[in-house]
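Using the sequences and the hints given, assemble the complete structure.
Number of protein chains: 2
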Amino acid sequence: MVDTRYHVAGIGNAIVDVLVHADDALLETLKLSKGVMTLIDAAEAERIYDQLPPGIECSGGSAANTIVGIASLGGRAAYMGKVKDDQLGQVFGHDIRKAGVAFPTVAAVDGLTTARCFVLVTPDAQRTMLTYLGACVELTPDDVDEAVIASSQVTYLEGYLYDPPLAKRAFLKAADTAHKAGRLVSLSLSDPFCVDRHRAAFLDLVSSHVDILFANEAELTSLYQTDNFDDAVRQVRGHCRVAAITRGPKGSVVVTEDDVHVIAAEAGITVVDTTGAGDLYAAGFLFGFTQGRDLATSALLGGIAAGEVISHVGARPERPLTLVAAEKLGPIYSGSIA
Amino acid sequence: MVDTRYHVAGIGNAIVDVLVHADDALLETLKLSKGVMTLIDAAEAERIYDQLPPGIECSGGSAANTIVGIASLGGRAAYMGKVKDDQLGQVFGHDIRKAGVAFPTVAAVDGLTTARCFVLVTPDAQRTMLTYLGACVELTPDDVDEAVIASSQVTYLEGYLYDPPLAKRAFLKAADTAHKAGRLVSLSLSDPFCVDRHRAAFLDLVSSHVDILFANEAELTSLYQTDNFDDAVRQVRGHCRVAAITRGPKGSVVVTEDDVHVIAAEAGITVVDTTGAGDLYAAGFLFGFTQGRDLATSALLGGIAAGEVISHVGARPERPLTLVAAEKLGPIYSGSIA
Numbered sequence: 001m002v003d004t005r006y007h008v009a010g011i012g013n014a015i016v017d018v019l020v021h022a023d024d025a026l027l028e029t030l031k032l033s034k035g036v037m038t039l040i041d042a043a044e045a046e047r048i049y050d051q052l053p054p055g056i057e058c059s060g061g062s063a064a065n066t067i068v069g070i071a072s073l074g075g076r077a078a079y080m081g082k083v084k085d086d087q088l089g090q091v092f093g094h095d096i097r098k099a100g101v102a103f104p105t106v107a108a109v110d111g112l113t114t115a116r117c118f119v120l121v122t123p124d125a126q127r128t129m130l131t132y133l134g135a136c137v138e139l140t141p142d143d144v145d146e147a148v149i150a151s152s153q154v155t156y157l158e159g160y161l162y163d164p165p166l167a168k169r170a171f172l173k174a175a176d177t178a179h180k181a182g183r184l185v186s187l188s189l190s191d192p193f194c195v196d197r198h199r200a201a202f203l204d205l206v207s208s209h210v211d212i213l214f215a216n217e218a219e220l221t222s223l224y225q226t227d228n229f230d231d232a233v234r235q236v237r238g239h240c241r242v243a244a245i246t247r248g249p250k251g252s253v254v255v256t257e258d259d260v261h262v263i264a265a266e267a268g269i270t271v272v273d274t275t276g277a278g279d280l281y282a283a284g285f286l287f288g289f290t291q292g293r294d295l296a297t298s299a300l301l302g303g304i305a306a307g308e309v310i311s312h313v314g315a316r317p318e319r320p321l322t323l324v325a326a327e328k329l330g331p332i333y334s335g336s337i338a
Numbered sequence: 001m002v003d004t005r006y007h008v009a010g011i012g013n014a015i016v017d018v019l020v021h022a023d024d025a026l027l028e029t030l031k032l033s034k035g036v037m038t039l040i041d042a043a044e045a046e047r048i049y050d051q052l053p054p055g056i057e058c059s060g061g062s063a064a065n066t067i068v069g070i071a072s073l074g075g076r077a078a079y080m081g082k083v084k085d086d087q088l089g090q091v092f093g094h095d096i097r098k099a100g101v102a103f104p105t106v107a108a109v110d111g112l113t114t115a116r117c118f119v120l121v122t123p124d125a126q127r128t129m130l131t132y133l134g135a136c137v138e139l140t141p142d143d144v145d146e147a148v149i150a151s152s153q154v155t156y157l158e159g160y161l162y163d164p165p166l167a168k169r170a171f172l173k174a175a176d177t178a179h180k181a182g183r184l185v186s187l188s189l190s191d192p193f194c195v196d197r198h199r200a201a202f203l204d205l206v207s208s209h210v211d212i213l214f215a216n217e218a219e220l221t222s223l224y225q226t227d228n229f230d231d232a233v234r235q236v237r238g239h240c241r242v243a244a245i246t247r248g249p250k251g252s253v254v255v256t257e258d259d260v261h262v263i264a265a266e267a268g269i270t271v272v273d274t275t276g277a278g279d280l281y282a283a284g285f286l287f288g289f290t291q292g293r294d295l296a297t298s299a300l301l302g303g304i305a306a307g308e309v310i311s312h313v314g315a316r317p318e319r320p321l322t323l324v325a326a327e328k329l330g331p332i333y334s335g336s337i338a
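Chains A and B, in that order, give the protein sequences. Taking the numbering used here, I'd label the letters of the first sequence as residues 1 to 338. Taking the numbering used here, I'd label the letters of the second sequence as residues 1 to 338.
Since the hints were made in silico from the structure, they are not lab data. Errors might be hidden in some of the hints.
A pair holds if it fits inside one copy or across any two, identical chains being indistinguishable in the list.
[Unchecked claim] Restricting the straight-line Cα-Cα distance to at most 30 Å, the calculated cross-link-like pairs of lysine-lysine (DSS-like) are:
| id | residue 1 | residue 2 |
| --- | --- | --- |
| 1 | LYS98 | LYS31 |
| 2 | LYS98 | LYS34 |
| 3 | LYS34 | LYS250 |
| 4 | LYS250 | LYS31 |
| 5 | LYS328 | LYS250 |
| 6 | LYS168 | LYS98 |
| 7 | LYS168 | LYS34 |
| 8 | LYS173 | LYS98 |
| 9 | LYS328 | LYS98 |
| 10 | LYS180 | LYS168 |
Model, not experiment: these values are computed from the prediction.
Now the structure itself:
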């Protein structure tokens, strides 16, 4: 095995978020289901933007948020995702690099603009997302940096990569490269409707390519097409080495073939915006895991990172997570130990 | 006089802010004086951006922030300022229109990109700004919509317009159009170093073209080249009809030839980021003034609007100012009465 240069390498759709405050009436006008992610095309993006109130722009993207969270915890992290070399693409590249993440992907010069996601945050702190994939459809296997993957303890892939047609080939190449190098592969199921769109592929992935699975309750029950959470958990335990399942205010459950760990959510958090909660849970968990922590401690770190990101608007940490983790768990957690 | 369509029309440099958290060490590295606005060119903008941490993007521009504040208070408002038809220009146009402001200026198709301002917010809540003017240099007298100016009770101009060479001609055309239509002209001195750059012109403007002047202590003393605030106030009283001078936590002073009103700052505000404080003071004041309120009440509304914007990151209100004003002063202030 080559030397470990990165704790985690992530691949995902590289997106700039447009965050707006919305009320339930606006969701109704736009005919949106609260809490889910809907894909839109360029014309819809223009039409919908015209109906949104003033917003703020900030870098997002599910796996990108996770990778930034890992760097914020003190981990060494890399990210691959496609932007165009336009103003928003430059913002995305600046933000992820300045968060301390290696970002080797070359921006597209031609073609569609950098992806945007309209994030409608309602007063109940729920977020409803509309994503225009733009340049993300240009991510190809050539963008998978095999040297980076081979030198990363874990390669983290978002399920959303199955939406742009070519990206799934990049996904499979990355998973294959990681395993050939003796590394681990981790998948986030991303969204229950994303699971709906790609269920057969995801079931195959989970049983044959994924070592560490992240899902929330809705995604996991969607994967196994059951209403029963315990039933879904039973099924996933035989399918991958570790599954970390988030349950919102109920905390998380981490299961392996042999063990079940139930971890309470962070207490005392005033929830402002749940955008990025799952992404940052994965960040904390993977940081802990790649530092050699046990599964329960890794899940605790996941909850701490998620707790920070839901306490403010936006999907990336506002405070360095090294500090947040150190406040909660003591200084030993405030940086890289491996 | 034509009918009053707008309470206030503003003209200014149309800018997208890039907000970053910074510490004093970063200001030292970049050799910046805390609290002031420095102009930078495209090459410097690139070099400096590369040294800044991840940020968030949001629409800004001094007069634009004021005009958005007036609309947020329930006033009818228009804005003129030049962006390019690029991604950040589209963000600027979207945000100001969706804030309820008429924005007739046509975006430039060619030429420099939409202006950006790096706003470095330090832990003491001070902001230090670096502005790349970009497309703002394309604002010309042709962009002054005379019908809009003639039908606005007050035309509000920012001193920063004297930085791009052509914009000052747009400024003078607007002031002239307003006065010919029997309307009032208001000027913000913008920044003490901006006053330094254009002192002779500003002194002439204040004594011959300006009815309502906004300045903070540093700007006013810079204008009259004195260390003595009382001396500066004495001088300005003869020069324009109304001068509203902000003094940070000490509140504001509004003077005319005959009267002096001293108004305390809003109490109980936790100051997070002073960006936009002066802009929103002008918004509250001009909203009150154009509703026929007396000067002291107008200044009180200025303090309330400024108090909202300094309580969070960013230069535009997060909560509708109609609500904020109604909470402080009762429902009669929660909308347009004229």
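Hint-by-hint comparison with the structure:
1. For a Cα distance limit of 30 Å, the shortest separation of LYS98 from LYS31 across copies, 20 Å, qualifies, whereas the shortest one inside one copy, 37 Å, does not.
2. Taking the shortest alpha-carbon separations for LYS98 and LYS34, only the inter-copy value of 22 Å comes in at or below 30 Å, while the best intra-copy value is 32 Å.
3. In this assembly of identical chains, the alpha carbons of LYS34 and LYS250 lie at most 30 Å apart only when taken from the same copy (20 Å versus 45 Å across copies).
4. Proximity of LYS250 and LYS31 under a CA criterion of 30 Å is satisfied intra-copy only: 29 Å inside one chain copy versus 49 Å between copies.
5. For the identical chains of this complex, LYS328 and LYS250 are intra-copy neighbours only, at 19 Å inside a copy versus 39 Å across copies, given an alpha-carbon limit of 30 Å.
6. Proximity of LYS168 and LYS98 under a CA criterion of 30 Å is satisfied intra-copy only: 28 Å inside one chain copy versus 38 Å between copies.
7. For a Cα distance limit of 30 Å, the shortest separation of LYS168 from LYS34 inside one copy, 27 Å, qualifies, whereas the shortest one across copies, 49 Å, does not.
8. For the homomeric pair LYS173 and LYS98, the shortest alpha-carbon distance inside one copy (27 Å) is at most 30 Å, but the shortest distance between copies (44 Å) is not.
9. With identical chains, the CA atoms of LYS328 and LYS98 are at most 30 Å apart within one copy only, with a shortest distance of 25 Å there and 41 Å across copies.
10. With identical chains, the CA atoms of LYS180 and LYS168 are at most 30 Å apart within one copy only, with a shortest distance of 18 Å there and 65 Å across copies.
Against the hints set out earlier in the document, no violation occurs for any number.
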